[in-house]
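**Q** Residue-level listing of the chains:
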Amino acid sequence: MVVANNPHLNACAIVGIGATEFSRNSGRSELTLATEAAVAAAADAGVAVSDIDGMVRCDMDFVQHNALADALGLPNLSFWSDVGVGGGAPAAMVGQAVAAIMSGQASTVLVYRALNGRTGARYGQGDGQGAEGGGGGSYLEYFSPYGLNTPGQMWSMLARRHMVEFGTTSEHLAHIAMTCRENANANPLAQMHGRPMTMDDYLASPMLTDPLRLFDYCIETDGAVALIVTSLERARDLPQPPAVIRAVAQGVQAGMQPGIAFPSMMRASLTTMPSAPTAARLYARAGMTPADIDVAQFYDCFTMTALIQLEDYGFCAKGEGGPFAASGAIRRGGSIPINTAGGHLSEGYLHGVNHILEGVRQIRGTSTSQVEGAEVSLVTSGLPIATSAMILTKGVL
Amino acid sequence: MTDLFVPTTTDHDTGGFWEAARRHQIAVLYCASCDAVLHMPKQYCRRCGSFDTAWRDVRPQGSVYSWIVVERQIHPAYPAPYTIALIELDDAREARLIGHLPGRVDLQAGQAMIAGFEDHETYTLPVWRLASV
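Chains as they are written, first to last, in the numbering used here: chain A, 6 to 402; chain B, 4 to 136.
These are calculated hints, taken from the structure and not from any lab test. Mixed in with the good hints, there may be bad ones.
Said to hold, decoys possible - Now the stretches of chain B that chain A is said to cover, found in silico as 3 or more residues with beta-carbon under 8 Å:
| no. | region |
| --- | --- |
| 1 | 7-21 |
| 2 | 35-48 |
| 3 | 69-77 |
| 4 | 83-92 |
| 5 | 95-101 |
Claimed, not checked - The following residues of chain B were derived to be distant from chain A, with all beta-carbon distances above 10 Å:
| no. | residue |
| --- | --- |
| 6 | His-27 |
| 7 | Gln-28 |
| 8 | Thr-56 |
| 9 | Asp-60 |
| 10 | Ala-112 |
| 11 | Ala-115 |
| 12 | Gly-119 |
| 13 | Phe-120 |
Using N, Cα and C, we set each Cβ at its ideal position, and we do this for glycine too.
Looking at chain A on its own, in the form it has when it is part of the complex:
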């Protein structure tokens, strides 16, 4: 395969993954959750916890590096980094780990995400709920006085625009929700395991922010996930089959806009996201095209988020995400199975990092909705501000 200049091609691998239970009430601190996931990831990788010498944290995580390093008793921490914004970070967090390893700043890097997303700070409640505010670069003063407060409201605005431009329907969105639910029903650890969803169930779910319903929204979740990145050379001496990091990319759009989310509605297009330029960069670095991807984990805070990425990552033409989703292509056995652990919509919302774990499981062959013969695994991170994505492979292809 032809590969653009990409010094990190096949340089590193994900060698360990760990997770806590995903629940609606962990009953524990985020520090405890992060610690449990980190210990589990190290054990899975076959490395001693004390070998961890680097850490990458999401900028919205309440667990700081020093707190987790203290809890784990790390004597040799020599690299730490924060990556944001929020859900756009996860693949870029792995990219930071790769950069640290390749530059000799660390050898065994822990990437983690812990949140009591249901019982702690609930992202679904959004911003601007106080009595006053805005300013300081938040630009909330343009939005909050009108009762525009939540990510769900904003994604509903983007969904409506997609419907206006391309004729996308609720039934199209339903197929993304039902696909995730189907996969969750194969995954005993998913929050929605044992709760099948039909089209009638989807259409009967309460309208929260027309055009999006309850089942277009992901599940606020308590839990933590962690993974270990090291060099491919070292990975070959470790017990798990390495998920080789073929390429990582971050990206923004022209006129990317400030703030946490709402100013993104000022961009020229509401139906093309930073995932489009990020996809082009990622494929160039990997020397691959969408046809090479066997399985994908798309960030799905809402059904619409995943639908736009089907287009932006080139699995169908712009505007055809709805009919493509409804065709069955995204289900197990389809041309591009997505969100095989259930996604944020039905497994749980660990802010994009649980998608990396599932991307690794597909490479190992251990997913509960395993794509037979999967060798190339795409994982994407959140929208709409700025995003990141990566391609993992089974061995060096």
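Assemble the complex: chain A is given as a structure, and chain B must be docked to it using the hints.
**A** Using the frame of chain A, we list chain B on its own:
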């Protein structure tokens, strides 16, 4: 009843919008050198590199670019259902503003909207409605 959200009106980059609203005008920040619309407001023009900017009053009219109906109440002072419109300004299409319409309003893309102004003690809020109503 909980109070409405009170916007900050003195921010370095957005204060001009609220000064204009107090005068019952809609203002947009422009680059004074090349006329680019700088929205969300910021004091540097990425098109021509100028730091010379100016607020300019525009006609208080626009059209519906997208919209939602909020059925699940979040903020206690904003009773559901209500409709939120994303409005493109006729004079500055690069700038979009938000409109709040009580109840479920069956909007269509491109419908004409006009702004009025609601005076509060410390600020004035532009409020949008359908031009045809």
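**Q** Does the region 69-77 of chain B contain three or more residues whose Cβ lies closer than 8 Å to a Cβ of chain A?
**A** holds (count 8)
**Q** How does the region 95-101 of chain B fare against chain A when you require at least three residues with a CB closer than 8 Å, holds or violated?
**A** It holds, with 5 qualifying residues against the three required.
**Q** Confirm or reject: B/Gln-28 is not an interface residue toward chain A, with every Cβ-Cβ distance exceeding 10 Å.
**A** holds, 16 Å
**Q** For B/Asp-60, is the shortest CB-to-CB distance to chain A above 10 Å, so the non-interface label stands?
**A** Per Cβ check, B/Asp-60 is outside 10 Å of chain A; nearest 17 Å; holds.
**Q** If you count the residues of the region 35-48 of chain B with a beta-carbon closer than 8 Å to a beta-carbon of chain A, do you get 3 or more?
**A** With 3 residues in contact (Cβ-Cβ under 8 Å with chain A), the coverage given for the region 35-48 of chain B holds.
**Q** Cut-off 8 Å, C-beta pairs, minimum 3 residues; does the coverage of the region 7-21 of chain B by chain A stand?
**A** Per the Cβ count (12), the hint holds.
**Q** Please verify that the nearest CB of chain A lies beyond 10 Å from B/Thr-56's CB.
**A** holds, 16 Å
**Q** Taking the minimum C-beta separation from B/Ala-115 to chain A, is that value above 10 Å?
**A** holds, 16 Å
**Q** Beyond 10 Å from every Cβ of chain A: is that where the Cβ of B/Phe-120 lies?
**A** B/Phe-120 is indeed farther than 10 Å from all Cβ atoms of chain A, at 13 Å.
**Q** At least three residues with a C-beta closer than 8 Å to a C-beta of chain A: is that true for the region 83-92 of chain B?
**A** With 3 residues close enough to chain A, the hint holds.
**Q** Is the nearest CB of chain A more than 10 Å from the CB of B/Gly-119?
**A** holds, 14 Å
**Q** Would you say B/His-27 is clear of chain A, with no C-beta pair closer than or equal to 10 Å?
**A** At roughly 16 Å from the nearest Cβ of chain A, B/His-27 sits farther out than 10 Å, so the non-interface label holds.
Of the hints listed earlier, the one the structure fails to meet is number 10.
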